[in-house]
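Construct the entire structure; sequences and hints are all you get.
Chains as they are written, first to last, in my numbering: chain A, 23 to 186; chain B, 23 to 186; chain C, 23 to 186; chain D, 23 to 186; chain E, 23 to 186; chain F, 23 to 186; chain G, 23 to 186; chain H, 23 to 186.
If you're looking for bench data, these hints aren't it; they were derived computationally from the structure. Watch out, some of these pointers could steer you wrong.
[As the list claims (entries may be wrong)] Straight-line alpha carbon distances no greater than 27 Å define the calculated DSSO-like cross-link-like pairs of lysine-lysine that follow:
#, chain 1, residue 1, chain 2, residue 2
1, E, 68, G, 165
2, E, 176, C, 46
3, B, 46, B, 117
[To be verified] Only some residues are given here: those of chain A computed to face chain G with a beta carbon under 10 Å:
#, residue
4, 71
5, 74
6, 142
7, 177
8, 181
Quick caveat, the model's predicted, so the values are computed rather than measured. The beta-carbon is built from N, C-alpha and C at its ideal position, and this holds for glycine as well.
There are 8 protein chains.
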Amino acid sequence: MHKPQVLILMGSENDLPMMDEATKVLTEFGIAAERHVASAHRTPEKVRDLVLNAESRGISVIIAGAGFAAHLAGVVAAHTTLPVIGVPLDSSPLKGLDALLATVQMPGGIPVASMAIGKAGAKNAGLFAASIIAVADKAVREKLKQYRKDMAEKIEQQDKNISA
Amino acid sequence: MHKPQVLILMGSENDLPMMDEATKVLTEFGIAAERHVASAHRTPEKVRDLVLNAESRGISVIIAGAGFAAHLAGVVAAHTTLPVIGVPLDSSPLKGLDALLATVQMPGGIPVASMAIGKAGAKNAGLFAASIIAVADKAVREKLKQYRKDMAEKIEQQDKNISA
Amino acid sequence: MHKPQVLILMGSENDLPMMDEATKVLTEFGIAAERHVASAHRTPEKVRDLVLNAESRGISVIIAGAGFAAHLAGVVAAHTTLPVIGVPLDSSPLKGLDALLATVQMPGGIPVASMAIGKAGAKNAGLFAASIIAVADKAVREKLKQYRKDMAEKIEQQDKNISA
Amino acid sequence: MHKPQVLILMGSENDLPMMDEATKVLTEFGIAAERHVASAHRTPEKVRDLVLNAESRGISVIIAGAGFAAHLAGVVAAHTTLPVIGVPLDSSPLKGLDALLATVQMPGGIPVASMAIGKAGAKNAGLFAASIIAVADKAVREKLKQYRKDMAEKIEQQDKNISA
Amino acid sequence: MHKPQVLILMGSENDLPMMDEATKVLTEFGIAAERHVASAHRTPEKVRDLVLNAESRGISVIIAGAGFAAHLAGVVAAHTTLPVIGVPLDSSPLKGLDALLATVQMPGGIPVASMAIGKAGAKNAGLFAASIIAVADKAVREKLKQYRKDMAEKIEQQDKNISA
Amino acid sequence: MHKPQVLILMGSENDLPMMDEATKVLTEFGIAAERHVASAHRTPEKVRDLVLNAESRGISVIIAGAGFAAHLAGVVAAHTTLPVIGVPLDSSPLKGLDALLATVQMPGGIPVASMAIGKAGAKNAGLFAASIIAVADKAVREKLKQYRKDMAEKIEQQDKNISA
Amino acid sequence: MHKPQVLILMGSENDLPMMDEATKVLTEFGIAAERHVASAHRTPEKVRDLVLNAESRGISVIIAGAGFAAHLAGVVAAHTTLPVIGVPLDSSPLKGLDALLATVQMPGGIPVASMAIGKAGAKNAGLFAASIIAVADKAVREKLKQYRKDMAEKIEQQDKNISA
Amino acid sequence: MHKPQVLILMGSENDLPMMDEATKVLTEFGIAAERHVASAHRTPEKVRDLVLNAESRGISVIIAGAGFAAHLAGVVAAHTTLPVIGVPLDSSPLKGLDALLATVQMPGGIPVASMAIGKAGAKNAGLFAASIIAVADKAVREKLKQYRKDMAEKIEQQDKNISA
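Structure below.
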């Protein structure tokens, strides 16, 4: 098995079905990922430890998914200069608007790359992590291009279904 | 000079005019406060250190003010069981709605007491800190009651001005 | 039985399942709480009476939960200098955004400590009340620290489940 | 001078320029109005007293204007069965969205008639109070109809200006 | 049977279960009401006719409920100087925020009294109509007071249930 | 002078500078337009008359701009089957969000074509009216294509400025 | 079969049930429409090709429906001067508010005519397309008028149902 | 001069002062960037050409800034598998909420990494681009770490200023 290149953090076990959209994409691309439940609020030391030694463990990209006042991605970004991708989850009554603003509205100096709220965002986090790795990895680049082609073909097929 | 009972944190020097609304109130009540610029994102270790030893230094309440994706209060709360009061500041184009949701929508387990956005919220943070201290300090309790009376009298005076 | 230290008010019997998240936490910490249905709009005199004599009855903290244009916490705060914690409930079509703004946006002078919308907020209200009481009560302070440790362990266990 | 039929309450002297849009309209219609600064949070007893004896003093309608978490109209409505008109003011960073939701989203049982945010709302509060009084006062009814005609003529004149 | 004093308009038959909250209240108070389906957009002439002759038919108050870009109340108000009460309904994907803003944000000159979104708002529209009629009708005034007392007693009973 | 093909309505003379963005575009395309101040709320009969005879006067498209609870476009659409373009204006404290929702969220059956809030929307209303007329008018179609080319060239020039 | 005058694009097969509200209306009016699944993001070249040759194929109006950050209508409008109607769909956790703003807030120069969110908007897109075609097609104009009459009669019937 | 590794696109020359926050950061890190004005709506072909040959020209990351219904980043992402960073700009009356949702809410399959609204977001776009390049470029990685240290020192200095 390859050494993990992507670290996937989530604030609670309940976020697993959402966040596994990211894992699925990465697995499809042959990129090893490490998943952890670690909460910015309930286990700040664990988050800090996982992030502080991520680079030395060979991690290239970190994905962090959380709901409510989603601080996880920002807290991760505060402890590393690795690219951090945030996934705002819709687990509160405000349907993820809170998590989105808490993830994307980072002040100047510490960037977080926010994806869309929920499942679509988690999937895109996996794809975006792959695109970062692809900058220096030609094989992943080719797989991304193939993925796009497959996606386009699916749309093409859907189009045939409705115009048939 | 008394030992500080309240620790006031803000994410940037620019937040000082806002956050000094809190300091002013505390000074008025004879409660010593310690002010620090410390950013959840730019100086996470400083925040952590200030908070981890706050209790042992005699701090009873922490006030944290920040704008944008305001994580400061939540990050502080993650490192202490002291009561943490959050003040969302309106320094971003979204006029503080982002800071409000990032401050108040804390997930179950780690509470932050959110005040209103901006100046009014900073002032109320000072008053709320005083009310917490007043639970075990009769002198502060009396001052709070006097403060209310003075405020009511001001309204009474305003009322006379307009009905005169 | 101990004399109640926390007064929990809610606007309607329907709010009970939400607000009992607060009661549960307090019970766990051995803090006696008194629950009342009392509406800022439908029974203003009852609210006023409950609040005006709260301090003399030995109450240290008041928790108030309400939905829609949630005035309860603000009305309570107008009648006391005890710390007041507001819980905005998501019982209206706007999913609690109305209750949140009506609870948190208090004008300068009369603070209300707002928690998150709904269940998470009610639970945190209980914890925050405990943290206020803990300022002068070492036993509660220790229980709060233990609670944090237990919570962290649960996350640690969840982490083991997904990485197993 | 006539006995006042309308009671106009505002939370602060700063609200006077806004709220006088209501007074101006009522004066124009020959309806006597009584203005008071009285805050739901800072002088709750004053609000209560003004409202509890309003009916016996001959008041028919109450107008209440406030900003931030605008509880004034709701608190007034809790103490009277007279028609209460609320004017949400845009004095907070959220531009009156907070005041609007805190005014209009009253739970079932205690109605408040909300007008638009700010100046337009204050003016309409005066007109709506007049329309309530007009139900049993033919003279006011005629004046309202004349007011409408004058307004239509002004639009007609504006139309001529731009098509000239 | 009494001549109807209140005209209740709704944009579609689907709004009936919501709007009948208003009818129920009025019936309880012995105030006769006339219900019509009439759409500001689909049957503008019908709305205009119903409103233009409302006053001469003895109508004192008009209630208008609509969802989406709810223009009904505003269009009604444009054709009459009778008091118009608007009920924004939550029939669109935006959960009534659209209907609320389209109802309440009337420009200066033509007031609409907006109630809360949905069922609570419809009920309150009935109560507010009653309070307008009560200005000149002592019997209705007494019934309103009794209604308040009954409501308070229900809360009192709920309070007993939970503290028992 | 040509007979007007486009009718431009606005709720108030204050809207003229905004709405003239539409007039300017139409003039540039040689499409005659007729401007009127006419308010859905203050002069409903004038709106109705202008719209009911628009088709017979040779009007092909109607543009309606209004702020606050912008009912104008919807009211116009209720009286005609001609294409109606709505321009939500940002004249209220809510910065046009109210006008946008009141314009665009039309219920099924009566369409209004909403443009963006404010100046950009008014300009696009002119362009969209031209594109409707262009469906059957080849000369306008060619002018629209030239307009696009000119716009693209301006961007090209801007690009040269910054890369120079 | 007639040559299609309207091109209906949607971002995914899942949007079909929504978007067929438009097709149904057009069929009812005897206007031939061509449906395609084509995504602004997943098949940009397909969208471009369909749009670039639309005019030469005899298309007069394009309808584009999409959810999330709905770019489809704007991307279509960038490639044609034909009138483009956008339908924001509520397929994301934000209930279509994202799709609405992404569709309607087009910058000056490239108009998109936005309809309401979801089913009502799709139906109105069909009607609005018909009203554009009706500018130069008397038969469609008559059908639109008949449609309005039928709709009014349905409301009339609903009114009879509730007043019976 | 180095070959540009980052392509910075903006929808209009007016966006230059905002977007140059990104350029400044990249220059500071010795990363060559290429700036272009290119609009998704007004010059779609130019955007397409710039993006389609970006990879072959040696571009590793694309930054796209736009206001209103900001489609630029999404349109760019549709044409490349390179990582695309979106900067929502606050140039419309909605203060960038429209641009934020149009940038971040990308459907599953085509990721865009959204930064905060406005200036802070543009600066962070530069930093995030640098962090992507740093994955395979040790020198940039070291500069990023130094940048963080400098930033922390500035905060430390600010802290000294206020506690002095």
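Exercise. When the nearest CB of chain G is found for residue 181 (chain A), is that gap smaller than 10 Å?
Worked result: Since chain G brings a Cβ to about 4 Å from residue 181 (chain A), closer than 10 Å, the hint holds.
Exercise. Is the straight-line distance between the alpha-carbon of residue 176 (chain E) and that of residue 46 (chain C) 27 Å or less?
Worked result: Since the Cα atoms of residue 176 (chain E) and residue 46 (chain C) sit roughly 26 Å apart, the hinted pair holds (cutoff 27 Å).
Problem set entry | Interface hint compliance - residue 74 (chain A) to chain G, C-beta minimum distance less than 10 Å | Cβ of residue 74 (chain A) sits 33 Å from chain G, so the hint is violated.
Problem set entry | Interface restraint verdict for residue 177 (chain A) against chain G (beta-carbon cut-off 10 Å) | Status holds, d = 5 Å.
Exercise. Is it true that the CA of residue 46 (chain B) sits at most 27 Å from the CA of residue 117 (chain B)?
Worked result: With Cα atoms ~24 Å apart, residue 46 (chain B) and residue 117 (chain B) stay inside 27 Å; holds.
Exercise. Does the CB of residue 71 (chain A) sit less than 10 Å away from some CB of chain G?
Worked result: Where the cut-off is 10 Å and the nearest Cβ of chain G is about 32 Å from residue 71 (chain A), the hint is violated.
For this session: Return the status of the interface hint for residue 142 (chain A): holds when the least beta-carbon distance to chain G is below 10 Å, violated otherwise.
Result: Interface hint status for residue 142 (chain A): holds (7 Å vs cutoff 10 Å).
Exercise. Taking only the CA atoms, is the gap from residue 68 (chain E) to residue 165 (chain G) under or equal to 27 Å?
Worked result: Cα-Cα ~22 Å, so holds.
Of the numbered hints listed earlier, those contradicted by the structure are 4 and 5.
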